[in-house]
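**Student:** Now for the letters of each chain:
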Amino acid sequence: MKSTKPNMMRRRLLATGLAAPFVSAMPGILTPARANDTVKLQFMYPVGVSGDINTIISNMIAEFNATHDGVEVEAIYAGSYDNTEQKVITSLGVGEPPALWLPINSSLQTFLGLDALEDITEQAKADDIYDDFIGGFLDTAVSDGRLYGLSYQPSTPVLYYNKDAFAEAGLGDAPVTWDELMTAAQALTIRDGDALKRWGLTIGGGWHDWMFEGYCRQNGLVPWEADKVLWDRPEAIEALEFWKKMVDAGCMAPASTWQGSANDFMAGSTAMLYHSTGSLTNLRTSSPFEVGVAFMPKRKQFGASQGGGPIMIAKNQSDAKKEAAWTFARWMTNTENQAAWSRATGYLAVRKSSWQQPEMQQYLAEVPQAEVAMKQAEYSGAFLQVPAYSRARDNLKSAIDRTLAGEIAPEAALTTATADTNREIQRVQRRQG
Amino acid sequence: MSSSFARARRNEMLLAYALLLPSLIFLAVFTYWPIIRSVWFSLHDVLLGDPEIFWLGAENYLRLLDDRLFWKVLGNTAFYTLTTIPLSIIVALLLAVAMDSKLRGMAIYRSAFFYPVMIPSVAAGMLWVFLYAPGYGPINAALTTLGLPRLDWLYDSDWALPAIVIMSIWKYSGYFMLILLAALKLVPSDLYEAARLDGVSGWHRLIHITVPLVSPTLYFVIIIGTLHSYQIFDYVYVMTQGGPADSTNVLTYYIYQNGFQYQDIGYASALANALLIAVLGFIGLVSVTLGRRVHYLGER
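Residue numbers (this note's numbering), protein chains in the order written: chain A, 1065 to 1497; chain B, 306 to 605.
Worth flagging that the hints you see were computed from the coordinates, not collected in a lab. Even for Gly, the Cβ is constructed at its ideal location relative to N, Cα and C. There may be inaccurate statements among the hints.
In silico lysine to any residue, SDA-like type, Cα no more than 25 Å apart, as pairs [claimed, not checked]: (1) A:K1309 <-> A:K1362; (2) A:K1379 <-> B:P356; (3) A:K1151 <-> B:H509.
Covered by chain A, per the in silico footprint, the following chain B stretches (three or more residues, Cβ under 8 Å) [unchecked claim]: (4) 318–332; (5) 349–360; (6) 531–540.
From just these sequences and the hints, can you work out the full model?
**Tutor:** Here you go:
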């Protein structure tokens, strides 16, 4: 972040004049004149998985408001992770950010680049955050040793599989290696002449770059560093070649959408699905068959990247609001709420104490699938934390799509995407330099 | 005498300006100012959410020349425009001619064909996502019944853009039909009667009487259609998000991605200016080619 590029021929210009119409704020007119002490907070959040997440969060916030005098949180459902980030950034642009928001963890550097985040390291140290939060989850909101958010809904992708389809095809346990995955996918694919009846495997589209990072990790590569991506390394190319091989063999869907792939799985149109663990409860309870959950198969090792995100607090707001925002973020991530949230969705509870709760222990005994992602989290790390991550993700998704559509070879696609992305990262860093 | 004429004329001018003023103010604030600002921003490094901007000169425009995706997106936009407009106008013209008869219950048919225009575009997009669904979608079911191969439609990089073109034709034809129908009502019926007496076939009547006489309206519809189609954003956003493999990414969507998803307002502004030039160029081309062939009734 602090890289210095002295020889830049650039003039610094204050955009005040140009931005004026943009900022045309009328707070004097809009501020209500009521003299009451209630601190009002806006909280923007996305729905990033399959299931009725919106209702669950709204209910939590209603409960918070009912039990906390003096603070009122307004829940703003902002769409997907991308939509949420855009709404927050736009409101930052006009100087009126929401008090808190819940973005994807990869956006950390983007928000730090805008100087938008409250540093909560000291509050967290004074509290039990560093003792009770699971370290790997907390790390996704850490930059240069400082903490900028409370991990709320960490996830990893897992392999969901249709146990009935496995039994029909004479398959036993879930595949453990890439080779076994392909064999299983071929055995599970059903065609009627030319017409496809069921795919063996679908990798949830829209976030397939997230799964792809998992494949890189399984092949022994973390495909990014603080200021560049490494998708052109042999380990990554090999991973994409493997995807291409499965598509060419006709056992893996070449393209899908995020919600569509979950619906396809529940409808039985695909027998295995890579999707977020946050979709677990919905997939498990809405599918008319028994749903198995397994680690994503390994090559050299198991591996996954963490999705989901932390609750972040805006820097540019009054101390009273910051304090109330901390109270809210702290409440959303307390032991009971994290345990209940995890059971309701499949997201991983962030606190060690949540997993020790009797209700949680009982739930895990009944639904052992819920523990799979937690165990897999041992092999996981943060997802693509580079500047310009949003363009980086689109470049990678485009490279994967074009490869699977047969337009370009894996190596050429990844080499181009890497060069394009690294140039963008440098461009963004030059700005901050 | 002459001075009172001049005064009257000046008063008329003042009235004209007074009447124009409100819309001029709106245009200035919401159109001209943003255009000027986008030209200014396109010469800078502008990060959405950050008030500081940095001078870059022509860099954003040079990036544009080098951007593989920009050229692909430009090609997609051209493909969409050059297929959607002619096809939907042909469909609209045939529909309008058919609707111009005096059959019983014609009002119902007209409403039926106009109906897609009234559906909000986001709802229409969601509807067609369902219609195109590879597994359970009615379109694939119909193809199977006809013994034709099933397609992956929106999941297939070769078919996704044509799929959006097809739904756009469905959406726009009714609107164009309505405009053309109004024009048809103004064509003098004695021309048709004379032609019929001379034994001219229906097809030739369409080509030699109807088309020339509604040509001012056709020209209007082509311009309106062009403006509609380069602005296409909602269907792409709702149905494909530009994918798969960028096959449905169009200029407006790419501008949105750069500006709001990547926060790169400078580059997005450069793209917007490129779009402005492309559209002005295309409209200019249409006006010098087609515009000159328009036949106005009663003119020579």
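**Student:** Go through the numbered hints given earlier and state which of them the structure violates, listing their numbers in rising order.
**Tutor:** The structure breaks hints 3, 4, 6; every other hint is satisfied.
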